[in-house]
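Sequence order for the protein chains is D and H.
Per the numbering used here, the very first residue in the first sequence carries number 1153; after that it's consecutive.
Per the numbering used here, the very first residue in the second sequence carries number 7; after that it's consecutive.
Source of the hints: derived by calculation from the structure; they are not laboratory data.
Take these hints with a grain of salt, some might be off.
[Stated by the list, open to error] One-sided excerpt, in silico: chain D residues whose CB lies under 10 Å from chain H:
hint, residue
1, Ala1164
2, Gly1282
3, Thr1372
4, Leu1374
5, Ser1398
6, Glu1402
7, Lys1405
8, Asn1458
9, Asn1468
10, Asn1472
11, Glu1557
12, Gly1558
13, Ala1594
14, Tyr1598
[As the list claims (entries may be wrong)] Lysine-lysine pairs mimicking DSS-like chemistry, simulated, CA-CA at most 25 Å apart:
hint, chain 1, residue 1, chain 2, residue 2
15, D, Lys1265, D, Lys1248
16, H, Lys145, D, Lys1405
17, D, Lys1307, D, Lys1296
18, D, Lys1291, D, Lys1430
19, D, Lys1307, D, Lys1291
20, D, Lys1559, H, Lys189
21, D, Lys1549, H, Lys58
22, D, Lys1265, D, Lys1307
23, D, Lys1426, D, Lys1522
24, D, Lys1296, D, Lys1349
25, D, Lys1436, H, Lys58
26, D, Lys1364, D, Lys1349
27, D, Lys1461, H, Lys58
28, D, Lys1430, D, Lys1549
29, D, Lys1294, D, Lys1248
[Unchecked claim] Derived list of chain H stretches under chain D, where covered just means 3 residues or more per stretch with a C-beta under 8 Å from a C-beta of chain D:
hint, segment
30, 41 to 55
31, 119 to 132
32, 239 to 251
All C-beta atoms in this analysis are idealised placements derived from N, C-alpha and C, irrespective of residue type, glycine included.
Letter by letter, the chains look like this.
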Amino acid sequence: MNKKIIIGGVIAVVAIIVIAAVALGGGSSEHAPDELVACVAAHGEEPEFGFDPMHGWGYHDSGTEPLIQSTLLKRDANNSFVNDLATDYSASDDYKTYTVNIRDDVKFTDGSKLTAKDVAFSYNKAKELGEGADLSSMKEAKAKGNNEIVFTLDKSDSTFVNKLTDVGIVPEASYDNATYGQNPIGSGPYKLAQWDKGQQFILERNNQYYGKKPYFRKITNLFLDSDAAYAAVKNGDVDIAEIPVSYANETVKGYHLEYFDSIDVRGISLPTQKDTGKVIGPDKNPYGNNVTGDPAIREALSIGINREKLVDGALNGFGNVSYTGVANQLAWAYDAPYKDGQVDQAKAILDEAGWKDTNGDGIREKNGVKASIPVYYTSSAVERQALAVSLAEEASKLGIEIVPEGKSWDDIDPVRNQVGVVWGFGSADPNEIVHQYDSRVAGEGYDNPEVLNDSAVDAAIDTAMSQDTDSSYSTWSQASQIANTEYPFLWIGTVDYTYMVSDHLDISKSTHLIYPHGGDIWGNIYDWRYVNNTSTNATNTTNATNSTA
Amino acid sequence: MSENPWYNKGLFSSLNLREKTLLTIALTGLVLVVIFICGTMINNIPTNFDTKMQAPSFVHIFGTDWMGRDMFFRTIKGLSLSIIIGLGASIISSIIATILAFLASSNKYLDSFVSWLIDLFASIPHILLIMMISIALGKGAFGVIMAVAFSHWVNLTRVLRAEVLQINTSEYVALSNKFGKSKFWIAKEHILPLILSQIFVGTLLVFPHAIMHESSVTFLGFGLSPHEPAIGIILSESMSYLAMGAWWLAFFPGLALLIVVLLFDIIGDNLKRLLDPREANN
């Protein structure tokens, strides 16, 4: 046994050394001048059902570039809507009917023509499956002729225009639920050439694409864990890799860091109700927490912690503080209603509410209840772990104990309405406010996990839903402001998206779209190109349209 | 183990064998107790993002991790956690082993049942069994302890069963039987005292196994939260930072784990030497 253990130990040490050697060593590989090797899928994750928009490909809290398919609308760098398939769109005065006209010259990669029927089919199918875009307000989509689609809604929804960016269009004639994900047919700038599950996918340029043709003829995207992605950068195997913020201070020769502000905000839900043993939502989850159910606790945490310190520490400085859960880039953003880091005031609020440390253990109590809050985070998310752990230290200064627990979503789901949970939110669609605060969806899926019940918030949401898009933004802002007077979330900050980019690659920083939660970098692939980087600042770019027909 | 091992040579060669063995046990035991007590006294290892990812220095002799936490404290805390889990698991598995061994001796149907159970558990890979049990029992430290306990009784049971069977054939047991003593009385008065040393040594020898398996399952992500300082978690976390050149995150905790396991093995071997009459002459 003695020998066995020694041998086992030696094997383990050797294995670690070998892995390290493999990870650190090796040379770089060359590829053709218009080929790109990347490792940048959102969240580093592979789509479970393949590249099927009906199963959520190209959507993650907001529409993201599906590459293989087209969408009706897209967003530009200013977060305004621009036409993709659509030539124009309009909404009825009550925001219950939307009419979209599409272009006539679009073909799927199998040669068939893309018509209004395909659009209507895609939307109805996506609603039926309910795995991607939130189409809950849509009743049905109907084709009128070859180029016009009419969307009828169940209720007024001025945010529905956002949904026109969310669904990639698939061909009705050849769509098969079971196989489409592996063999997607679309009309986007690229077509899928190969998908090696668990390893990579390879895209080839769609030469029939109707829009601006991207520079890269071929894109290979690897699915790697963050440490392997970083190792690939060190080896020079990839041109661009998404890395976690904790790696962002590293320097690698031949690469530079590019980081983008996102609207992807991290916040901890604080159950607003007391635990009375009641259940909520279709999952019949118990809800409420006797500590966070006291508004004083929620307020004290919100004004007492130091967000700047959390962002600098847990997010390695790559992020922006958020007091409201609405990132500054969004049209319905508003100024922070309070300052944080007010430890003394937070303590006074707790004292006044009767939370006092009577037994000298550094944690306050009230009526025999200890001010202790479990905060669950997903074990796989390193930045959420760091936030939960550092938040616990911040809260202990106030006499509130936060107990971090790393779990899988399967373990978090049954208790998500009872404990603090570290969430990621962030959509370019103001409908997010509904998901966060609307009492009518409380406890449904991940909606309103804190079970906020405020009729003023609900009323503001209803008003915004029937206002025109531009004036609705101030109402959305109001809804969020009313909700946040009750501190249902302990908002912390937005997380930057950080990439190691080869010095030979220009990813056109100025045209990047805003990053929603789970957003990816492909939104401006049309503007990416290789640059000859031998002279300083030379923009010796090759013209995409010249290099290939 | 007929040869004198390295730890019985050199400095203490003036002592006789028994004294040396006792000294070895006492010293290794002391080291483990110190690690254990220090670990339980470390309750809070503060993060400090100003000092993250620092290589070993005199301030942080094992370096710091990505949250600026001192790796020495984390390692000690992790080891003491391993010792607690190992202790719980090996005691429970010895109890299981003893009960099963006596059950096997009571009649031939139960004996074949226990043999079947031993074969069954021996045929399933340990790590798989541990993972299944730990998930079934709701993960966490409790799940890990139970999982390790329920998978490590096999070897000891086999030894004890053989031992009990042998004692059962002896004349004084037959005599007690004839005198009308109950099976329970015989087990308590005749058999248990004779196998006590086996149980004791067996428990200690399960210990290193238990610790190794505890680190393996926490390494694989079963059991504890990823911010908690279990050795397995520390080691699996270190994998992500090896590419950044942070060798100290894996090296020191790994080495410390190896040393603790070796210490337990030394105690076990020496105890066996003391308690087992067949090895007393070595």
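Tell me, which hint numbers fail for this structure? Hints 2, 3, 4, 7, 8, 10, 13, 14, 15, 16, 18, 20, 22, 24, 25, 26, 28 and 31 contradicted; others consistent.
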